[in-house]
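**Q** Chains S and H, in that order, give the protein sequences.
Under our numbering, the first residue of the first sequence is numbered 243, with each subsequent residue one higher.
Under our numbering, the first residue of the second sequence is numbered 1065, with each subsequent residue one higher.
Hints in this document: simulated from the structure, not taken from any laboratory.
Be aware that one or more of the hints could be misleading.
To be verified - Quick look at which bits of chain H chain S covers, simulated, 3 or more residues with Cβ under 8 Å:
1) 1077-1084
2) 1119-1130
Said to hold, decoys possible - A few chain H residues that face chain S, going by a derived Cβ cut-off under 7 Å, partial list only:
3) E1074
4) Q1089
5) M1135
6) D1139
Unchecked claim - The list that follows gives simulated cross-link-like pairs (lysine to any residue, SDA-like), each with its CA atoms no further than 20 Å apart:
7) K1136(H) - L1227(H)
8) K1126(H) - P563(S)
9) K556(S) - N1129(H)
10) K1130(H) - Y429(S)
11) K445(S) - Y334(S)
12) K1126(H) - G566(S)
13) K1136(H) - A1079(H)
14) K1119(H) - R367(S)
15) K1130(H) - S582(S)
16) K1126(H) - V424(S)
All C-beta atoms in this analysis are idealised placements derived from N, C-alpha and C, irrespective of residue type, glycine included.
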Amino acid sequence: MTTEVFSGAEMVVKALSALKVKYIFGYPGGSVLDLYDAIFQQDEIEHILVRHEQAATHMADGYTRATGKVGVVLATSGPGATNCVTGIATAYMDSIPMVVLAGQVPTTLIGNDAFQETDIVGCTRPIIKHSFNCRDLADIPNVIAKAFYIASTGRPGPVVVEIPKDLMLPQNKVPFNIETNVKMRSYNPNIKGHPKQIKKAVKTISEAKKLVIYSGGGIVLADASGLLTTLVETLKAPITNTLMGLGGISGTHENFVGMLGMHGSFEANKTMANADVILALGARFDDRVTNNVEKFCPDATIIHVDIDPTSISKTINAHVPVVGLVDVVMQQLLDELQASNFTPDEEALQKWWQQIHLWRDMRHVGYKQVEGEKIKPQRVVEALYKITNGEAYVASDVGQHQMFAAQYYPFAKPRQWINSGGAGTMGFGLPAAMGAKLAFPNKHVICITGDGSIQMNIQELSTCMQYNLPIVIVALNNRSLGMVRQWQDMVYGGRHSSSYMESLPDFTKIAEAYGHIGIKIDSLDELDSKLEQALSIQNKLVFVDVLVDEKEHVYPMHIRQGAIDDMWVEKGVKA
Amino acid sequence: MRHILSILLENEPGALSRIVGLFSQRAFNIESLTVAPTDDITLSRITIATRGDDKVLEQIVKQVNKLVDVMKITDLTERKHVERELLLVKVVAINDKSRTEVKRISDIFRGSIVDIGKQIYTIELTGSSDKLNAFLDTLKNETEIIESVRSGCVGIARGEKALRV
Ligand SMILES: Cc1ncc(C[n+]2csc(CCOP(=O)(O)OP(=O)(O)O)c2C)c(N)n1
Ligand SMILES: [Mg+2]
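Extracted from the complex, chain S is given alone in its bound form (with noise of 0.2 Å):
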């Protein structure tokens, strides 16, 4: 008997099946022919073909935000490579899970200054969790085996696999062995919380008369909002959630007192600045969360409950850091409370919760919408939470518009929110809205852009035709790239360096265009009838163009350098 052989390009095919792979992200060059003619002969693997392939990592990206899957990117050598770069600095981010396979000239080429040789693995080192270089054939299975592995578990993030043209020649066969089961001795993820540091944890908790619970991205990442939940409730604490972790517990929730950070609300930020006890679950005490370090916060006793320890005691000090996955913790902290016959400080609680909503119904963050005036962008985003009943997917881009859509639209669910946090990367909204469109293609997504942003990718209109994506894009037109400009009229004296979009396109016509529904809203009259006809749309992607207000500002924002409450409110207004 004779055993079965496989090129490269085949096992590659092979494995990402064997790893339950449905669909890969790409774009084609010739380092990749061969594999390309590999998926051309199979279709257990749906290819997608972007028009970029910055695009390609965003919409893996968009994917795996929506659905925990890990997302697949395919390149060729060269620029095909570079251009994923930003897409992987934004997985990297996030912590979320990705592999991106890149072709490379043939192994005898490479060091050569070859056609299209470009060192990906050396360009992407500081923005991967790792990255292989395949130099064997036989080993190809098992190093995606692995990529796939060290992508998704403990801190997730994106792995980079390089694999040179000669490897997958169909003239070179072997016979296919996976392990899917991986084992790695330098890298064991599974991580319990240290039973010591639970006891000091839920001693401390214990004894908190002012706890907040301050969970992020992790919680997201761990599919771990039941668990979070029923802490929540079990300990009956305020909460915040950041940027990341929105959906974490529902935005409706009665204990949820909005986002913190920057933009966070007046009484999230208020809280957390006079809690004597901090649970930080799945957050990393960003610098957009802290405002200044040294006056974050110092009365309060710190838990730090997180997968990576590198994240503990880094920018905050943390005086009870634990170790450990987000859920398994959660889980150890609940059975503990239990085993020591926890029972909430009701006065405490009382207390506590009256000044929450004493800072709650000073209702700091607001806007105005007068009647005759221009659209208000909250306005909008208050009407396609109505109009989706808050059960959209919403995808957003990176600016004021993203800040709006945060505050405005709870979020249910955790994986309902998709934006890209800790890069903020303009162009991310479009291409991760039809990532999440491809895996819930019966279920409203929305991508919330902005006139600056819409333009970094706006090509994938034409991967939105060929794939049936029919997302809404709701691009809240300021005519200006809105952050930069608010940042110019509060700290650089109102001078709108570069901040303008002069001679914008006729967004509706673009999308016609490219075979899409264009609708413009230029009056409040028209907004939500409009807004409800395009969400009614089932089968056609439909941009939607709102002009608003260019001169609202984001409020809440940090006063720069001050505390964590140190906000303004309003235009000139501070807390």
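Fit chain H with the ligands to the given chain S structure using the hints.
**A** Just chain H with the ligands, lined up with the frame of chain S:
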């Protein structure tokens, strides 16, 4: 404060560049770095001499540990340890006086002369980095140093404690 870190990691291509990249990316200091395979050739051992306060050191250790290739890292300077560095130095030795003087100094430091030319002596010396510094300073007072090369320090914990898988 100066620290000597010992890192045990997979002997894989790219592993060293990840360590070096990490130090430059995060603005950690490298005073010296040495690397070679261990008795088990699937593993490499890197010794890095670095400087930083406790907070920086904590981050360095955690960040290095986080690299997928890294098995273990330890800060040797936390406990009793042996530290050695190798120096090769070529000096001017043109007349009897200078030759005797160089020989005398090298004997005091327990160095050995490993090469002799018409006008040069090459000396080999091992010891702690401090000892090598002192030796070089003494030599400089007596003769001219033509070139010198140092290995960077390596270290190992005293007693039973071992860095192994
Ligand atoms: C790729 C990239 N380049 C530059 C920036 C800096 N930046 C942040 S927000 C912003 C303006 C975004 O404009 P727009 O998409 O119209 O959104 P708006 O703020 O107007 O809602 C810019 C330029 C960025 N985040 N990403
Ligand atoms: Mg804009």
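**Q** Interface hint check: Q1089(H), Cβ to nearest Cβ on chain S, cutoff 7 Å. Holds or violated?
**A** 5 Å, holds
**Q** Please work out if K1130(H) and Y429(S) have their alpha carbons no farther apart than 20 Å.
**A** Since the Cα atoms of K1130(H) and Y429(S) sit roughly 9 Å apart, the hinted pair holds (cutoff 20 Å).
**Q** Does the alpha-carbon distance linking K1136(H) and L1227(H) stay inside the 20 Å limit?
**A** Between K1136(H) and L1227(H) the Cα gap is close to 7 Å, so the pair holds against 20 Å.
**Q** Are the Cα atoms of K1119(H) and R367(S) separated by 20 Å or less?
**A** Violated - the C-alpha atoms of R367(S) and K1119(H) are around 24 Å apart, more than 20 Å.
**Q** Taking only the CA atoms, is the gap from K1126(H) to V424(S) under or equal to 20 Å?
**A** 24 Å, violated
**Q** Would you mind confirming whether the straight-line C-alpha gap from K1126(H) to P563(S) stays at or under 20 Å?
**A** 13 Å, holds
**Q** Are the Cα atoms of K445(S) and Y334(S) separated by 20 Å or less?
**A** 35 Å, violated
**Q** Straight-line Cα separation of K556(S) and N1129(H) no greater than 20 Å?
**A** Holds. K556(S) to N1129(H) sits at ~15 Å (cutoff 20 Å).
**Q** Under the criterion that the straight-line Cα-Cα distance not exceed 20 Å, is the pair K1130(H), S582(S) satisfied?
**A** Status violated; Cα separation ~34 Å.
**Q** Verify the proposed pairing of K1126(H) with G566(S), using a straight-line Cα cut of 20 Å.
**A** Roughly 14 Å separates the two Cα atoms, so the pair holds.
**Q** If you take the shortest Cβ to Cβ gap from D1139(H) to chain S, is it below 7 Å?
**A** Interface hint status for D1139(H): violated (15 Å vs cutoff 7 Å).
**Q** Against chain S, is M1135(H) within 7 Å by beta-carbon distance?
**A** With a minimum Cβ separation of about 5 Å from chain S (threshold 7 Å), the hint on M1135(H) holds.
In the structure shown, a violation is registered for the earlier hints numbered 6, 11, 14, 15, 16, in ascending order.
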